[in-house]
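K.L.:
One letter stands for each residue in the lines below.
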Amino acid sequence: MSFLDTHLLSFIVFLPLVFAGVLAMLPREEHGELRVFSLIAMLTGAALGVYAYLRFDPAGPEFQLLYRARWFDEAGISYHVGVDGIAVSLLMLTAFLGPLVVLASWSFVTERVKEFHIALLVLQTMMLGAVVSLDLLLFYVFFEGMLIPMYLLVGVWGSEDRQMAATKFFVYTLGGSLLMLIALLGVYFIAMPAGSRTFDYATVYNAFLSANRELGACRGDPAACATLSPLAVTLRTWGPWMFGACVLAYAIKVPMFPVHTWLPDAHVQAPVAGSIILAGVMLKMGTFGFWRFAFPLFPAATQEFRVALAAISVVGIVYGALMCLAQRDVKKLIAYSSVSHLGFCMLGMLALTVEGATGSAYQMLNHGVSTGALFLLFGFLYERRHTRLMSDYGGIARVMPLFTAAFLVATFSSIAVPPTNGFVGEFLVLLGTFKSDLSLVLAVLASTGVILGAAYMLWMVQKVFFGQVTHGENQGLKDLGGREVLTALPFVALVLVMGLRPQPFLERLEPSARRLVARANVARPGAASPDAELLISALPLPPAGGTVAKSPEAPPRLPLRPARLATPPSSPSGAPEGVRVAPASP
Amino acid sequence: MRVPSIPAADFLPLVPAIILLVGACVLLMTEVFLRSPSRGYQAPLSLFFTGLAGAVSLSSAFEPARPVFQGFAAQDPFSSAVTLVVCVALGLAVLTSSGFLRSRNAERGEFYALMLFAASGMSLLAMSTELITLFINIEVLSVGTYALTSYLRRGTRPAEAGFKYFILGAFSSAILLYGAALLYGATGSTKLSEMAVVLPAALAAQPALVYAGALLVAGGFAFKVAAVPFHMWTPDVYEGAPTPVTALMSAGVKAAAFAAMIRVFLVLGKGMDPSVPLALFSGLAYLTMIVGNLLALPQRNVKRMLAYSSIGHAGYLLVGVAALFVTAEAPAGDGFRFFGATPLLAPGLSEVAARADALKGLLFYLLAYTVTTVGSFGVLAALERSEDEPKGTAWDLDRFAGLAQRRPGWAFAMAVFMLSLGGVPPTVGFMGKLLIFRSAVDTGLVGLAVVGVLTSAAAIYYYLRVVVAMYMRPAPEDERIPVTLSWGTELALALSALAVVVLGILPGTVTDWLQQASTLWLGQ
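Chains Z and E supply the protein sequences, listed in that same order.
Residue numbers for the first sequence, in our numbering: 1 to 586.
Residue numbers for the second sequence, in our numbering: 1 to 524.
Quick caveat, the hints were computed from the structure, so don't treat them as lab data.
Among the hints, a few may not be true.
[What the hints assert, rightly or not] Okay, the calculated beta carbon distance ranges per label pair:
id, chain 1, residue 1, chain 2, residue 2, range
1, E, V32, Z, V18, 52 to 58 Å
2, E, V352, Z, P530, 39 to 45 Å
3, Z, H386, E, A159, 56 to 62 Å
Positions of the beta carbon are idealized from the N, C-alpha and C atoms, including for glycine.
Work out the full structure, taking the sequences as your base and the hints as a guide.
P.N.:
What follows is the structure, encoded as structure tokens:
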């Protein structure tokens with residue numbers, strides 16, 4: 001276990017921030033230098049992200065690459081980071097998108113270049129930090145910290161109506177995250193007795209577990225409600241409220257119907273980089289929030305409201321698709337398609353079957369890749385023509401064949417045509433939904449979303465790319481240049497790789513999905529798993545002034561080697577193996 | 001008549017205040033004896049005395065509490081901590097003053113001397129344990145701030161503000177004095193230590209007298225800390241006073257008045273039914289948090305907005321004060337409990353520990369609020385142009401438009417201050433709120449904590465409006481960039497922004513220190 005392993009996540013998270021500091025000192029006229037510097041930062045981050053992804057042992061314990069340091073003992077806050085399967089996947093996705101975002105803005109952003117790249121790098125740190133946090137407050141800091149740079153990206157470098165869009169985005173998400181803060185404070189206050197209160201995720205989860213079991217028993221048999229422990233009583237009273245606050249916060253971020261209205265505006269007005277990050281990573285913070293916090297911490301409330309949430313997700317799927325059919329603005333169409341796709345993610349999670357949850361997680365990655373690619377490619381077109389209206393295009397395939405090919409691949413991924421990645425994800429989600437105890441009607445309605453999706457995307461593609469060139473301005477458009485091909489290629493490659501060889505990705509997601517389902521089913525009578533499978537074994541608080549760290553012992557594996565099937569997690573009870581406690585340094 | 005003998009050691013605790021007084025006199029002397037046209041040396045000189053006073057009070061922070069001057073004052077960790085907060089506020093205010101005054105051709109020794117006089121009053125107020133001494137020190141600090149408020153006497157606003165502050169201040173002092181007189185009538189003593197002994201008997205004999213006295217005293221303090229419904233003067237006075245003075249008032253005066261209030265009511269509370277001060281301060285806290293934050297919402301004048309926000313922050317501090325009065329065996333159903341099932345005091349928490357926690361939260365919040373608010377007034381002071389003042393546009397939100405392009409450093413500092421005032425992590429404002437609300441929950445005052453969190457959430461709206469203006473709105477074309485390039489302002493902004501961030505990320509050292517100080521003081 002090397003120094004790199006223990007600090008790997010911290011390196012990945014804070015590297016962009018350090019580079020942002022370096023950038024702040026560079027002269028503002030040196031646009032080229034600024035761009036190269038932030039590209040280097042993002043590339044290094046991407047390399048480290050991929051390394052972390054490979055370093056993660058799918059068969060190993062739940063949380064890996066752990067690191068914990070004392071921070072503010074007084075309030076029970078520690079710096080605790082670690083990744084499980086879904087977190088490492090999102091980490092990789094975020095790190096991977098970083099350099100592409102810089103490349104995509106290479107010629108798009110020409111004003112206040114320095115501030116732009118600083119905002120990008122700070123945003124990158126915040127997103128990566130939110131994914132790896134294992135401390136409620138640390139998560140909140142990063143979650144909230146994302147808001148400001150994103151707000152600036154939309155509000156300063158966006159198109160004509162940017163202020164309205166930025167403000168709308170900010171008000172919605174800030175309202176949501178404040179609610180979440182209240183919920184997290186509630187968790188903090190009730191999970192542990194005064195004096196040993198903590199924001200540590202593992203501790204809080206483990207403290208809630210038996211109370212949640214009691215609530216599960218109480219749901220099945222009213223007689224059990226009479227003998228609840230004090231914590232269970234509190235959770236029974238306040239759990240639904242805290243769950244509701246969390247749900248609202250994450251639902252805004254996802255965004256779920258009917259709190260999605262900020263998304264189309266933000267996407268339309270955002271610069272290319274903003275759109276890619278927004279679609280690629282930030283929306284996932286919502287689904288990730290459900291996955292990490294809302295469902296595991298409040299399983300009883302989850303069971304209670306699951307059907308309603310699933311119904312809302314299906315409404316989102318169908319509504320988003322119908323809205324797409326009515327759009328004339330390409331960016332708006334892609335934005336509404338996000339509402340529809342994220343509805344699938346939510347539905348898969350709410351199905352509470354391993355297939356559904358795995359598909360949901362896979363769909364999170366897919367959506368980042370495919371929608372990111374669509375925004376990126378459309379950004380190239382927008383840069384040439386400065387219009388978003390479909391009617392201003394037509395016959396683009398004749399003048400920009402390379403571009404059209406790439407766009408088609410992204411479109412196929414988005415509408416889940418085999419052998420693209422989208423197919424694997426949506427198939428798993430629908431499979432999981434049909435297998436679950438949710439009403440068949442929901443599953444069938446969700447399936448119509450797939451059909452509608454094909455309809456609106458292909459309709460848009462047809463209008464923009466095929467037929468005669470109807471507008472003279474489009475006649476002279478240049479096809480993609482070297483830098484643009486370089487930016488688009490990774491997306492296309494990933495679409496195909498993830499479609500043809502999903503195992504290396506799925507084997508990391510599946511154990512996480514299994515645990516999510518087990519944790520959410522704690523409060524379902526008769527479906528609960530034993531404690532050993534549920535308790536989270538993370539790191540203990542290190543001695544004063546010291547740190548603890550833990551990383552997988554196995555060397556990194558190449559992703560394309562034959563995959564082992566994920567085994568159920570080894571027993572995490574007792575002292576976790578391989579924990580190294582570093583003594584206080586003098 | 002017996003002349004009381006006072007040992008020389010009794011003067012030791014006064015050293016910080018004496019240093020400030022000496023500094024004030026030296027500054028006055030410089031006006032007489034040094035005839036140089038430049039007065040650039042005055043700010044560093046005041047800063048030197050401030051730093052010295054702060055260092056002395058820091059060094060005596062862990063000395064055990066002891067009464068001095070036959071119980072008229074006390075030296076304890078609490079007074080040291082408050083003096084330290086006052087010195088921080090004073091130092092930062094002095095730093096912003098020099099550039100501010102120079103741009104108005106008003107840099108004089110009197111200004112700094114008045115500031116130091118007022119600060120010595122604040123420091124002594126934190127130590128007073130006798131009602132007359134306390135009253136005199138309130139007057140010392142008040143007279144200083146009255147004069148400072150109307151220091152720029154050529155404008156109309158300073159005169160109006162000074163007059164208003166003086167009339168209302170005198171009125172509130174009279175109320176305080178009347179309350180003290182009633183308490184004296186009931187207990188036969190003005191020394192807090194003696195009152196504590198006599199109070200139970202006095203309460204049994206004349207409950208109305210004691211309660212009336214306590215209420216009047218509380219009203220007097222509520223005026224000084226700008227708690228609702230005694231807040232009416234705050235926006236006008238804060239707006240009219242020279243901005244560095246506003247900074248000192250909003251941080252230093254508040255800290256000292258809170259200190260005196262806590263000292264008096266910890267003693268009075270011991271004698272009476274604990275639910276009375278609890279209800280009193282909880283009620284004040286509810287009102288102050290809600291009204292202060294709601295009134296701040298529509299303000300477009302940033303200085304007025306900060307004034308209302310300072311009322312709101314007094315509300316959060318009052319939450320901490322209310323938490324000081326919770327006892328383990330308080331009667332059930334007092335109306336301030338929220339979680340039906342939890343006991344009043346969180347299990348495993350002794351009364352002293354809970355109080356020490358609350359006090360630590362209070363002191364930390366005072367420090368957090370001081371560095372943040374003085375910093376944000378510093379930005380205001382740097383931005384305002386004297387010619388705008390008669391038009392009333394000197395502090396308009398529009399003045400902040402596009403500041404990020406013109407002055408990225410100032411804009412960043414201001415953004416940090418706004419986020420901290422709003423309680424967004426990882427700033428010191430968040431940590432302060434977390435500590436205060438946590439002790440509120442621990443003592444069963446969940447309703448206060450919930451209202452506190454909700455009002456801070458609402459407050460983010462008006463704080464962010466400043467950030468939006470700075471970063472999103474274009475700078476007006478004809479705007480003349482203010483060139484009050486003063487090292488003092490820049491240094492003050494840098495220091496307070498640094499403190500906000502560093503204390504927000506690593507509050508551990510300071511909270512440990514305050515924890516020790518609070519436990520030391522309360523645990524005796």
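K.L.:
Falls inside 52 to 58 Å, the C-beta gap from V32(E) to V18(Z)?
P.N.:
holds (55 Å)
K.L.:
Can you let me know if the beta-carbon spacing of H386(Z) and A159(E) is within 56 to 62 Å?
P.N.:
Holds - the Cβ-Cβ distance for H386(Z) and A159(E), about 58 Å, lies within 56 to 62 Å.
K.L.:
Using the C-beta atoms of V352(E) and P530(Z), is the stated range 39 to 45 Å upheld?
P.N.:
Holds: the Cβ-Cβ distance is about 43 Å, inside 39 to 45 Å.
The structure shown violates none of the earlier numbered hints.
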